[in-house]
Amino acid sequence: MEGVKLTGALSAAEAASVFPPNERAERGPVAVIECVQQIPCNPCEKACPFGAIEVGPDITNLPRLDLDKCQGCGLCLSKCPGLAIFLVDASKSATEALVMFPYEYLPLPAADEIVDGVDRTGRFVTKARVVKVDTGAQREGTAIVTLAVPKQYMHDVRSMRLVAPGEVFLCRCCEVSETEVRQAVREGAKTVVAVKMRTRAGMGLCQGRTCRRLISRVIAEETGQSPADILPPTSRAPVRTLSLEALAGGDDNE
Amino acid sequence: MSNKAEVIVIGGGVIGTSVAYYAAKAGKRVVLLDRGDIAAGTSGACDGFIIMQSKNPGPHLDLAMQSAALYRTLAAELDYDIEYMPCGGMIVAESEKQAQLLQGLIAKQKQAGLQVELLPIAQARQSEPLLAADLWGAAYCANDAQVNPIRLAQGFAQAARRLGAQIRPGVEVQALLEENGRVCGVKTGQGELRADYVVNATGVWAPTLLSPFGIELPIKPRRGQILVTEPLPPMLNHVLLCACYLIAKYHPEELDPTDRQHRLGVGLAVEQTAHGSLLIGSTREFAGFDRKTTLAGIEAVAQHARRILPALAKVNIIRTFAGLRPHTPDGLPILGPVEGLPGLIMAAGHEGDGIALAPITGQKVAEYLK
Numbered sequence: 001m002e003g004v005k006l007t008g009a010l011s012a013a014e015a016a017s018v019f020p021p022n023e024r025a026e027r028g029p030v031a032v033i034e035c036v037q038q039i040p041c042n043p044c045e046k047a048c049p050f051g052a053i054e055v056g057p058d059i060t061n062l063p064r065l066d067l068d069k070c071q072g073c074g075l076c077l078s079k080c081p082g083l084a085i086f087l088v089d090a091s092k093s094a095t096e097a098l099v100m101f102p103y104e105y106l107p108l109p110a111a112d113e114i115v116d117g118v119d120r121t122g123r124f125v126t127k128a129r130v131v132k133v134d135t136g137a138q139r140e141g142t143a144i145v146t147l148a149v150p151k152q153y154m155h156d157v158r159s160m161r162l163v164a165p166g167e168v169f170l171c172r173c174c175e176v177s178e179t180e181v182r183q184a185v186r187e188g189a190k191t192v193v194a195v196k197m198r199t200r201a202g203m204g205l206c207q208g209r210t211c212r213r214l215i216s217r218v219i220a221e222e223t224g225q226s227p228a229d230i231l232p233p234t235s236r237a238p239v240r241t242l243s244l245e246a247l248a249g250g251d252d253n254e
Numbered sequence: 001m002s003n004k005a006e007v008i009v010i011g012g013g014v015i016g017t018s019v020a021y022y023a024a025k026a027g028k029r030v031v032l033l034d035r036g037d038i039a040a041g042t043s044g045a046c047d048g049f050i051i052m053q054s055k056n057p058g059p060h061l062d063l064a065m066q067s068a069a070l071y072r073t074l075a076a077e078l079d080y081d082i083e084y085m086p087c088g089g090m091i092v093a094e095s096e097k098q099a100q101l102l103q104g105l106i107a108k109q110k111q112a113g114l115q116v117e118l119l120p121i122a123q124a125r126q127s128e129p130l131l132a133a134d135l136w137g138a139a140y141c142a143n144d145a146q147v148n149p150i151r152l153a154q155g156f157a158q159a160a161r162r163l164g165a166q167i168r169p170g171v172e173v174q175a176l177l178e179e180n181g182r183v184c185g186v187k188t189g190q191g192e193l194r195a196d197y198v199v200n201a202t203g204v205w206a207p208t209l210l211s212p213f214g215i216e217l218p219i220k221p222r223r224g225q226i227l228v229t230e231p232l233p234p235m236l237n238h239v240l241l242c243a244c245y246l247i248a249k250y251h252p253e254e255l256d257p258t259d260r261q262h263r264l265g266v267g268l269a270v271e272q273t274a275h276g277s278l279l280i281g282s283t284r285e286f287a288g289f290d291r292k293t294t295l296a297g298i299e300a301v302a303q304h305a306r307r308i309l310p311a312l313a314k315v316n317i318i319r320t321f322a323g324l325r326p327h328t329p330d331g332l333p334i335l336g337p338v339e340g341l342p343g344l345i346m347a348a349g350h351e352g353d354g355i356a357l358a359p360i361t362g363q364k365v366a367e368y369l370k
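As given, the protein sequences belong to chains P and U, one line each in that order.
Our numbering puts the first residue of the first sequence at 1, with every later residue one more than the last.
Our numbering puts the first residue of the second sequence at 1, with every later residue one more than the last.
Source of the hints: derived by calculation from the structure; they are not laboratory data.
Using N, Cα and C, we set each Cβ at its ideal position, and we do this for glycine too.
Each hint should be verified, as a subset may be incorrect.
Unchecked claim - DSSO-like cross-link-like pairs, simulated, lysine-lysine; straight-line CA separation at most 27 Å:
{"hint": "1", "chain 1": "U", "residue 1": "K25", "chain 2": "U", "residue 2": "K4"}
{"hint": "2", "chain 1": "P", "residue 1": "K190", "chain 2": "U", "residue 2": "K292"}
{"hint": "3", "chain 1": "U", "residue 1": "K292", "chain 2": "U", "residue 2": "K249"}
{"hint": "4", "chain 1": "P", "residue 1": "K127", "chain 2": "P", "residue 2": "K151"}
{"hint": "5", "chain 1": "U", "residue 1": "K187", "chain 2": "P", "residue 2": "K190"}
{"hint": "6", "chain 1": "P", "residue 1": "K92", "chain 2": "P", "residue 2": "K79"}
Claimed, not checked - Now the stretches of chain P that chain U is said to cover, found in silico as 3 or more residues with beta-carbon under 8 Å:
{"hint": "7", "segment": "192-198"}
{"hint": "8", "segment": "201-207"}
{"hint": "9", "segment": "235-247"}
Claimed, not checked - Distance ranges between label pairs, derived from CB positions:
{"hint": "10", "chain 1": "P", "residue 1": "P232", "chain 2": "U", "residue 2": "D330", "range": "32 to 42 Å"}
{"hint": "11", "chain 1": "P", "residue 1": "K46", "chain 2": "U", "residue 2": "L232", "range": "40 to 50 Å"}
{"hint": "12", "chain 1": "P", "residue 1": "E221", "chain 2": "U", "residue 2": "E172", "range": "25 to 35 Å"}
{"hint": "13", "chain 1": "P", "residue 1": "P232", "chain 2": "U", "residue 2": "D81", "range": "28 to 38 Å"}
Turn these sequences into a full structure, and let the hints guide you.
Okay, structure coming up:
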């Protein structure tokens, strides 16, 4: 099972079919239009101030890029509704290439932050350095991130994932991060219940079954105690979720 | 720590933190002490009703209406999201008899300036479609609202701290200090602390500090058991009570002691929190200081909820909890100075009205601290 039609991400062959020759990327920044499905769409054509992108009168045509006319300005990245246009520049160094892509998640990375460079399916490819995060008005709300990656990965890295500790969720039900838990402990929460009262960690569907040990460990780390000394949270019925009518002793109460 | 304050507040629930906030706002040097943590007692184990139409016309309702007015701007004032929602509330009547009871109350509430409307069930279901079709109807009041009590206490505490108050969880007050017939401070596990005024906002635990002075406060813990559902899409438009709640509260003589639901004081109280979970309450039982939930209590609450809101039959319950409401014989909180014991100010005994009355309690008590 391969290809954008089946997986939502370009196959290696599809990706290779739209990538400009490496020599062009070595010469300077160039757009990579990863559009391989004939859909009625042409905003990229008007987006290019140099007339380098052509769709033509039949708007289901695939866009064609004139590699000589393309100046690598990157304006088309913000105009593609499918977030399918990228910019690659292999001219800046012998070992690194720059990859630019639209990024619609929060929080945004910061310049010089080290992040995970990921491929079109979100799989990890390489560690990468954030060069720039462009949130200017012409970007219309979609941030454009520029990553520096080892040159051999410029064909593969198309997005990123933050690796900051704040992005580790200790409580998955209520999406409470490790940073928030540590903050609560530093503000005086020394028990699992106190952390719960401040952050909601453990109030969700699993009632702390997943997170209570992790939270105990963070409290222990922060306070220099042994995890065994941290008071466990109060356990209350039901042990597993039960429907209201089962609790009411209704007809379905087996 | 500095061992002299102007005001010591004992208790870090919604009442104590509110008193600390309003006193600090009035320029007092305040220290708040709690043996546990902010909202670790009753305020962390209740629902978030700010309901006007359950209050008896008179001082009870007057206070509640003043409190409701404070709530409208409180989140902005505290600069803290207390999850306040002015959603309006309904008190459901199952029968003609219950409707008459509501009708009597509504007539008096209207005279006091509270607009409450008695709606037949067809009309009530237009704005609350999940109500059972065979109920009699519901009393609707647009002034009813809800809030997150835990965040309320934390919001008050943080705002008080910004105004210079010391908020000190983990400090247990063992006794009140008295000098020349006047309360002048407290003895804690970490030493003595003196102040011009001591405010007792320890809810169900309030009587303990006064018994050494021969004063028996008539506050008794009344347990309320509540069910929590999984997070659900928005499905309730109002906070909902049922008339049984009012009967259990104001007319216990009408209850049938042979009926388990009546014996447990079950009256429905349902709200949907900002996070989607429904809180479904509640029992009203005298069980000492036992904060555990019981199978009989959970079952009775679930049965009653299914009767009023049949659509909830299939929703999943993820937790149950119980809190101790500070019950007083006349249903009114004990507020203000204590005769024969100057220097001590009471702010306890709100039973089910602590959330509704928290802001006005803090504001009124701060006025005593001159």
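Outcome of range test on Cβ distance (P232/P, D330/U; 32 to 42 Å):
Distance hint for P232/P, D330/U holds at roughly 40 Å.
Between the segment 235-247 of chain P and chain U, are there enough contacts, at least three residues with CB-CB distance under 8 Å, for the coverage claim to hold?
holds (count 9)
Is it true that the CA of K292/U sits at most 27 Å from the CA of K249/U?
holds (22 Å)
Do the alpha carbons of K92/P and K79/P lie within 27 Å of each other, as the hint requires?
With Cα atoms ~26 Å apart, K92/P and K79/P stay inside 27 Å; holds.
Is K127/P close enough to K151/P, meaning Cα to Cα at most 27 Å?
Since the Cα atoms of K127/P and K151/P sit roughly 12 Å apart, the hinted pair holds (cutoff 27 Å).
Is 28 to 38 Å respected by the C-beta to C-beta distance linking P232/P and D81/U?
At 29 Å between Cβs, range holds.
Hinted pair K25/U and K4/U, Cα distance within 27 Å:
holds (19 Å)
When I compare C-beta atoms, does the segment 192-198 of chain P have three or more residues closer than 8 Å to chain U?
Held - the segment 192-198 of chain P has 4 residues with a Cβ nearer than 8 Å to chain U, which meets the minimum of three.
Taking the CB of K46/P and the CB of L232/U, does the distance hold inside 40 to 50 Å?
holds (45 Å)
Regarding the pair K187/U and K190/P, is the alpha-carbon distance no greater than 27 Å?
holds (24 Å)
Sort out whether K292/U lies within 27 Å of K190/P, counting only the CA atoms.
Between K190/P and K292/U the Cα gap is close to 23 Å, so the pair holds against 27 Å.
Taking a Cβ-Cβ distance under 8 Å as contact, does the segment 201-207 of chain P have three or more residues in contact with chain U?
As far as the segment 201-207 of chain P goes, the hint holds, because 4 residues have Cβ atoms under 8 Å from chain U.
Consistency with the previously given hints is maintained throughout, with no hint failing.
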